[in-house]
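On the provided structure of chain A, position chain B as indicated by the hints.
Chains A and B, in that order, give the protein sequences. So the first sequence is numbered by the numbering used here: it starts at 13 and just counts up by one. So the second sequence is numbered by the numbering used here: it starts at 22 and just counts up by one.
Bear in mind the hints are in silico, worked out from the structure with no lab data behind them. Careful: at least some of the hints might be erroneous.
Per the computed footprint, the stretches of chain A lying under chain B, defined by three or more beta-carbons under 8 Å from a beta-carbon of chain B, are [said to hold, decoys possible]:
#	region
1	156-169
2	282-292
Computed cross-link-like contacts, DSSO-like style, restricted to lysine-lysine with a CA-CA straight-line distance of at most 30 Å [unchecked claim]:
#	chain 1	residue 1	chain 2	residue 2
3	A	Lys155	A	Lys143
4	B	Lys74	A	Lys155
5	A	Lys340	B	Lys250
6	A	Lys249	A	Lys225
7	B	Lys346	A	Lys143
The C-beta atom is built at its ideal place from N, Cα and C for all residues, glycine as well.
In case you want the letters, here they are:
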Amino acid sequence: MSERIQDKPLNIWTKSAAISIWFIPLLMVWIVPDMIDFPTWASMTVSGIAMGCLFFLMAIGLTITFGLMDVLNFAHGVFFTIGAFVAWRIFTLLIPDWVEAESFWINAAAILLAIAATVIINFVLGMLMEKYVFRQTYGDHLKQILITMGIWFIGEEVIRILGLSENQAFFTPGWFAESFELGDVLVLRYQVFSILMGLLFFVLIQWILNKTKIGLIVRAGVENPNMIKAMGYNLNKVFTGVFAAGAILAGIGGLMWAGYDENVNAEMGGYNLIFAFVIVIIAGPGSVKGTLLGAIMIGVFTNYMTFFTPQLAAASLVLLMCAILMLKPSGLFPQK
Amino acid sequence: MTNNQTPVQLARIHTQANRYKSSSFMLPLAGLAVFFVLPLLNPSYFIIDLATKVLVFGIFACSFDVMVGYTGVLSFGHSMFFGFGAYSCAILFRTMPESPVIAIILAVLCSTILSTIIAAVMAFFSLRVVAMFFAMITLAFASFAEIIAIQFSEITGGEDGITLQLPEYFKVTQNVVGWITGQSLLYYFILLACGLMLLLMLRLTQSPFGRVLKSIRENEDRSEALGYKTFHFRLFAVVISCILASFSGILFALWLGFVSPESTLSVTITINVLIMVLIGGIGTVYGGIIGAFVLQLFESGLPQLRVLADESLPQFPMLGELTQKWHLVYGSLFVCIVIFFPFGIIGWVKLRQLKKQTA
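The following block holds chain A by itself, in its conformation from the complex (with noise of 0.2 Å):
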């Protein structure tokens, strides 16, 4: 592998800064809960989980592509924008009765609609992009990085010009637009959906890496690509198959975003994927786990931020990343 881990051999400083990380999210909720009232912690703190599990279907695709084909990708944003923007059109064009309905049934119907839509289109597309466009480039990353970029404008304007020209509101099914309440807590039902979704994933994807064969396949293709294909696996198939997996599951993230953010827009994707590639990088490539816990990590810290010095949120996501990468160089889980 051309990586390269400089990592020297850890003194006791070192080691010591580096289990400090693992305190800042205990910081998190120690201190802020004695600066605010409790209801109000406690709605930030879930809509922050709520953000982080949707970045994490976000940054899911980046890390296992980047772990597994060495890929960066800088068209994944797009992917997102096209879930947000299939579930718009259905939304609007398609079923607006469903989603005006109050009946929890409907709703879901409406949302699993989306869904199929958003799944089988990304898939398609990522399929045939990984097929036509990535596969000439692997193992060039600047190739790579101007490749994909290219597709990423022309994804947003294409998207654009198929009427997302400008900010849109995005309503969310009634049933869900809703909230639950727990004592004098209020919890927006979207967003329990929200971290449920994002934990089913990280499961589903956690039992298919862990325990089936494919991913037995896509886990040893990360660790030795060559043994694979020499053993007589497709190791085509199974990257088409993952990055296609990766633009899906980015697809459902960004569907998932705007009913969160109650907006869609050509840019979406682009905004979102800084914030998808600082929690790859914290995470450390290649590592579920990590991203998981980068992601809701970086939600609940920016959601803070946004509460106490708004100017400043988009600052201190860079100032965290510095830190994590000071103390840990080669992310939360570095491989190996």
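Same frame as chain A, but now just chain B:
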């Protein structure tokens, strides 16, 4: 005597003897001459503005090329350094309007220090682990810088930006000596600065240091095995490139007389510059200027192009619309250049020459 020399030495002696006659010396000289006489031939604002933008963005693209083409690390934060230069110039001009020369010198110093620190921090975080993380980390830093510039509006003017109070002798209407107006004085100042920076970059990339950088780009493991500390070399190249980018930012601020986050800090500028480098040819230094020429010409000619497309081919309204879908054109340019035209204009010319020699 000639018998004792290896073919490589002979070839080197041959190129040294012919170095003032070769096209790689004459062509840039001709280009310089064109830039020099341009204000004399046609002192219209359109032409001089185009020439200056080609110069400034050309140098900016060249500095980007020193990083991308010679070390193989791609940065999306290069516009941030451009913005550092532009903003330090604008802020210093505002704080000391009475002594512009000192302001420029101080701006050079400030932007050098700031760029060095930030570039070193970015490089430290990303190059140490996986060099390609650099692209992601710089993207995060660049959007961070843009947000800061918009948020801290007391210092940076927010989204409205800062208008520079140019010194008297750089003003457009001022007649300095004879035919030299303030505008052309500023133009010559920028030409001089750009020429010096280009010389510096050429010297750097053609020195043994540049060769080490190239070897790192081609095969990092091997150059490390040869005993070069690749991290240090990359770090140095990145820092130099960022400093030069901030200098071009200063020149841009001086020429435009106005600085705003959108015109100096946004990531789209980095992407423009990336396209310039790709058009001209990666890893050639001169490629940046050629790419800047092509792109600036295209950009300033775009309105005419739109009118032309509407008038000459009215049955295809798509064409006129296409010129408005700027991103679509950009994206296709990226993909097409990378797949079909990976070495840019200079690389293509060099390839042709090589084929002619071997044929």
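Taking the hints in turn, this is what the structure says about them:
Coverage of a stretch by a chain is defined here by at least three residues with a beta carbon nearer than 8 Å to that chain's beta carbons; for the region 156-169 of chain A and chain B the count is 12, and the condition holds. Remark: the region 282-292 of chain A is confirmed as covered by chain B, as 4 of its residues place a Cβ nearer than 8 Å to a Cβ of that chain, reaching the required three. At roughly 16 Å between alpha-carbon atoms, A/Lys155 and A/Lys143 fall within 30 Å of each other, so this suggested pair holds. For the hint linking B/Lys74 to A/Lys155, the alpha-carbon distance of about 28 Å falls within 30 Å, and the restraint holds.
For the proposed pair A/Lys340 and B/Lys250, the alpha carbon gap of about 22 Å is at most 30 Å, so the pair holds. Only pairs whose Cα atoms come within 30 Å are accepted, and A/Lys249 paired with A/Lys225 is accepted, the gap being roughly 14 Å. Only pairs whose Cα atoms come within 30 Å are accepted, and B/Lys346 paired with A/Lys143 is accepted, the gap being roughly 27 Å.
The earlier numbered hints are all upheld by this structure, with none contradicted.
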